[in-house]
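Novice: All chains, please: the whole structure from these sequences, using the hints.
Number of protein chains: 2
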Amino acid sequence: MKKWEENVRRVIPYTPGEQPKGKKLIKLNTNENPYPPSPGVAEVLQRFSADNLRLYPDPEAGELVHALAEHYGLSDDQVFAGVGSDDVLALSFLTFFNAQEEILFPDITYSFYDVWASLYRIPYRTPALDDRFLIRPEDYLQKNGGIIFPNPNAPTGAVLPLADIRRILDANRDVVVIVDEAYIDFGGTSALPLIDEYDNLLVVQTFSKSRALAGLRIGYAFGNPTLIKYLQDVKYSFNSYTMNSITIQAGAAAVRDHAYYEETCRKIKETREWTKKELSRLGFSFPDSSANFIFASHREVPAQQLFTALRDAGILVRYFNRPRIDDHLRITIGTPEEMRAMIRFLEDYLSASR
Amino acid sequence: MKKWEENVRRVIPYTPGEQPKGKKLIKLNTNENPYPPSPGVAEVLQRFSADNLRLYPDPEAGELVHALAEHYGLSDDQVFAGVGSDDVLALSFLTFFNAQEEILFPDITYSFYDVWASLYRIPYRTPALDDRFLIRPEDYLQKNGGIIFPNPNAPTGAVLPLADIRRILDANRDVVVIVDEAYIDFGGTSALPLIDEYDNLLVVQTFSKSRALAGLRIGYAFGNPTLIKYLQDVKYSFNSYTMNSITIQAGAAAVRDHAYYEETCRKIKETREWTKKELSRLGFSFPDSSANFIFASHREVPAQQLFTALRDAGILVRYFNRPRIDDHLRITIGTPEEMRAMIRFLEDYLSASR
Numbered sequence: 001m002k003k004w005e006e007n008v009r010r011v012i013p014y015t016p017g018e019q020p021k022g023k024k025l026i027k028l029n030t031n032e033n034p035y036p037p038s039p040g041v042a043e044v045l046q047r048f049s050a051d052n053l054r055l056y057p058d059p060e061a062g063e064l065v066h067a068l069a070e071h072y073g074l075s076d077d078q079v080f081a082g083v084g085s086d087d088v089l090a091l092s093f094l095t096f097f098n099a100q101e102e103i104l105f106p107d108i109t110y111s112f113y114d115v116w117a118s119l120y121r122i123p124y125r126t127p128a129l130d131d132r133f134l135i136r137p138e139d140y141l142q143k144n145g146g147i148i149f150p151n152p153n154a155p156t157g158a159v160l161p162l163a164d165i166r167r168i169l170d171a172n173r174d175v176v177v178i179v180d181e182a183y184i185d186f187g188g189t190s191a192l193p194l195i196d197e198y199d200n201l202l203v204v205q206t207f208s209k210s211r212a213l214a215g216l217r218i219g220y221a222f223g224n225p226t227l228i229k230y231l232q233d234v235k236y237s238f239n240s241y242t243m244n245s246i247t248i249q250a251g252a253a254a255v256r257d258h259a260y261y262e263e264t265c266r267k268i269k270e271t272r273e274w275t276k277k278e279l280s281r282l283g284f285s286f287p288d289s290s291a292n293f294i295f296a297s298h299r300e301v302p303a304q305q306l307f308t309a310l311r312d313a314g315i316l317v318r319y320f321n322r323p324r325i326d327d328h329l330r331i332t333i334g335t336p337e338e339m340r341a342m343i344r345f346l347e348d349y350l351s352a353s354r
Numbered sequence: 001m002k003k004w005e006e007n008v009r010r011v012i013p014y015t016p017g018e019q020p021k022g023k024k025l026i027k028l029n030t031n032e033n034p035y036p037p038s039p040g041v042a043e044v045l046q047r048f049s050a051d052n053l054r055l056y057p058d059p060e061a062g063e064l065v066h067a068l069a070e071h072y073g074l075s076d077d078q079v080f081a082g083v084g085s086d087d088v089l090a091l092s093f094l095t096f097f098n099a100q101e102e103i104l105f106p107d108i109t110y111s112f113y114d115v116w117a118s119l120y121r122i123p124y125r126t127p128a129l130d131d132r133f134l135i136r137p138e139d140y141l142q143k144n145g146g147i148i149f150p151n152p153n154a155p156t157g158a159v160l161p162l163a164d165i166r167r168i169l170d171a172n173r174d175v176v177v178i179v180d181e182a183y184i185d186f187g188g189t190s191a192l193p194l195i196d197e198y199d200n201l202l203v204v205q206t207f208s209k210s211r212a213l214a215g216l217r218i219g220y221a222f223g224n225p226t227l228i229k230y231l232q233d234v235k236y237s238f239n240s241y242t243m244n245s246i247t248i249q250a251g252a253a254a255v256r257d258h259a260y261y262e263e264t265c266r267k268i269k270e271t272r273e274w275t276k277k278e279l280s281r282l283g284f285s286f287p288d289s290s291a292n293f294i295f296a297s298h299r300e301v302p303a304q305q306l307f308t309a310l311r312d313a314g315i316l317v318r319y320f321n322r323p324r325i326d327d328h329l330r331i332t333i334g335t336p337e338e339m340r341a342m343i344r345f346l347e348d349y350l351s352a353s354r
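These protein sequence lines map, in sequence, to chains A and B.
In this text, residue positions in the first sequence follow our numbering: the first is 1, and each later residue adds one.
In this text, residue positions in the second sequence follow our numbering: the first is 1, and each later residue adds one.
It should be emphasised that the hints constitute simulated quantities derived from the structure, not laboratory data.
Mixed in with the good hints, there may be bad ones.
A pair holds if it fits inside one copy or across any two, identical chains being indistinguishable in the list.
Mimicking DSBU-like on lysine-lysine, the simulated pairs with C-alpha atoms at most 35 angstroms apart in a straight line are [unchecked claim]:
1. Lys229 / Lys3
2. Lys24 / Lys229
3. Lys143 / Lys3
4. Lys229 / Lys143
Note that the coordinates shown come from a computational prediction; the quantities given were computed from them, not determined experimentally.
Specialist: Quick look at the structure:
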């Protein structure tokens with residue numbers, strides 16, 4: 001090792017779900033939307049004047065922020081936009097979690113929370129989900145430096161009722177509480193209506209799932225204007241121009257076409273409910289999912305074996321080789337055709353291995 | 001102040017150059033390119049399939065990285081791409097500057113270096129430029145935890161010859177040395193050919209200036225494969241998907257059209273040399289600029305007064321109210337027409353105030 005390498009930051013690189021190219025596969029491994037984004041996005045690309053790209057983008061992403069505020073019945077100063085919800089969440093850790101006390105998030109949850117906490121040297125504690133993979137609200141009533149959890153949770157898909165979120169908020173008026181609602185459009189009740197009542201509540205959502213725009217990179221946060229202003233100040237202080245001009249316009253178009261994305265969500269939820277019934281019939285169990293995926297375990301066949309068999313059949317799902325969840329598969333909800341093909345394969349495979 | 005606000009990160013927000021909307025102004029304040037980007041960018045937008053945006057982008061931005069490697073005669077593993085050079089630079093601070101010793105950068109330089117150092121708690125020291133605003137290479141021969149400087153420097157425009165860079169590199173084999181070449185396509189000699197010889201040298205460039213794509217947000221770095229791998233590992237560990245799918249394709253198209261951007265740079269340099277002569281004639285002095293801006297001071301009239309007068313006339317330039325440079329204007333090189341209008345105004349204004 002060279003001397004200069006001694007001062008290089010050591011990390012455990014993230015392993016994203018496979019993004020195979022050119023192969024005809026059924027891709028149910030990264031929670032992408034099986035339907036295309038709103039036609040308004042294609043229209044923006046068609047009429048976008050490339051010449052304007054010589055200029056810096058609007059650092060506030062004003063057009064997008066305004067479209068979001070209008071859609072959700074808020075004022076612009078209650079909305080913050082970033083380059084994917086990962087960007088918004090990481091920035092929120094940096095901005096709000098500077099207490100001496102540990103922040104709290106579930107032991108089984110989105111895999112980047114502990115990464116960002118370590119990155120910014122934020123102490124943390126991870127209360128365990130219960131045996132059915134549900135968050136226990138009472139775990140979040142102890143002293144802490146901040147709270148974050150996804151709702152629905154990932155990779156479990158289980159939702160926390162709004163009454164429980166309110167209970168957590170009531171006990172935590174002195175720290176920032178972040179509810180990460182990446183999957184809320186597929187089920188559960190958003191905490192958004194609570195931002196007026198709790199000035200320490202930040203609600204984070206994304207365009208990557210329900211709006212079918214994972215490739216565009218847009219995330220956003222709702223909160224009272226003071227909270228949003230803090231987030232903006234930190235962002236502008238160290239990287240002002242992050243979202244490009246095309247994304248701002250295309251994202252705004254996607255928001256304005258809400259009928260389209262509501263219809264898309266409806267179809268995905270319908271397919272999810274069908275898939276749940278079929279998986280139950282085949283001997284799988286899972287927390288009742290409110291997301292666009294199902295976190296399933298089979299009563300006889302180990303998850304890793306099923307993962308490999310599905311993969312060999314050209315069906316990609318996600319398998320996490322980690323304590324407590326290493327006998328589960330996270331299966332994204334695709335089109336009805338894709339889910340029928342998966343169920344058909346599983347049915348054949350399971351009866352053959354009996 | 002609420003209790004939760006006590007743990008919010010306090011920052012000094014960055015003040016970007018004004019981006020006025022809708023007004024007919026001559027905008028020479030943010031070092032943007034006065035010419036549009038390569039026509040290939042518009043073509044990508046026209047033929048881009050919006051449906052693909054439902055999928056996550058390639059986290060490695062492979063198409064763009066490959067186009068850059070081909071253009072500069074490198075292999076793909078010597079190239080890293082990020083969301084603007086601010087993203088690449090901030091990530092480089094985080095990855096490489098983890099020593100106990102102070103890192104070094106000039107006292108007058110790009111205004112984000114001290115921000116990122118503070119953000120990541122990196123100790124730093126800022127050797128002063130000499131009286132003519134030039135970097136003194138001997139200041140960088142002392143013990144340190146890493147080195148970064150722009151070449152040409154900002155906001156001075158002055159270039160450091162390659163022999164001096166080599167001298168700095170020879171004395172600093174044990175730390176990472178970053179040469180920030182945002183403006184190198186307008187003058188000076190790139191340190192790129194030295195990356196094979198010095199495995200601790202990172203060269204950072206951007207699409208925002210010479211390639212006229214400030215609105216698209218692309219920056220990139222060259223270095224030996226080990227250095228690049230460290231940067232990738234840190235990036236993937238905490239935010240895998242940052243550059244969107246459209247940007248990857250549009251950026252690649254811009255790189256492939258190198259004849260276009262070389263012609264654009266040639267025109268800007270020609271306009272810059274004309275502007276230098278005119279400014280000298282009017283009583284301005286400035287470090288000899290190798291960038292797409294001139295950092296000028298008038299022998300009689302204070303910079304702040306000129307800034308305001310220009311602004312009132314609809315001509316925006318940049319003024320920094322900071323010690324040592326508060327009698328200078330940073331004037332971006334626009335089109336010949338824009339520069340003629342500016343010179344005409346200054347000529348009238350200066351003769352009237354005599």
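Novice: If a hint holds in the structure, say so; if it does not, say that too.
Specialist: Structure-based check of all given hints:
For a Cα distance limit of 35 angstroms, the shortest separation of Lys229 from Lys3 across copies, 17 angstroms, qualifies, whereas the shortest one inside one copy, 42 angstroms, does not. In this homomeric assembly, Lys24 and Lys229 come within 35 angstroms of each other (Cα to Cα) only across copies, at 30 angstroms, whereas the closest approach inside a single copy is 46 angstroms. In this homomeric assembly, Lys143 and Lys3 come within 35 angstroms of each other (Cα to Cα) only across copies, at 14 angstroms, whereas the closest approach inside a single copy is 43 angstroms. Taking the shortest Cα distances, Lys229 and Lys143 sit within 35 angstroms of each other inside one copy (26 angstroms), while across copies they are farther apart (40 angstroms).
Going down the numbered hints, you'll see the structure goes against none, and every one checks out.
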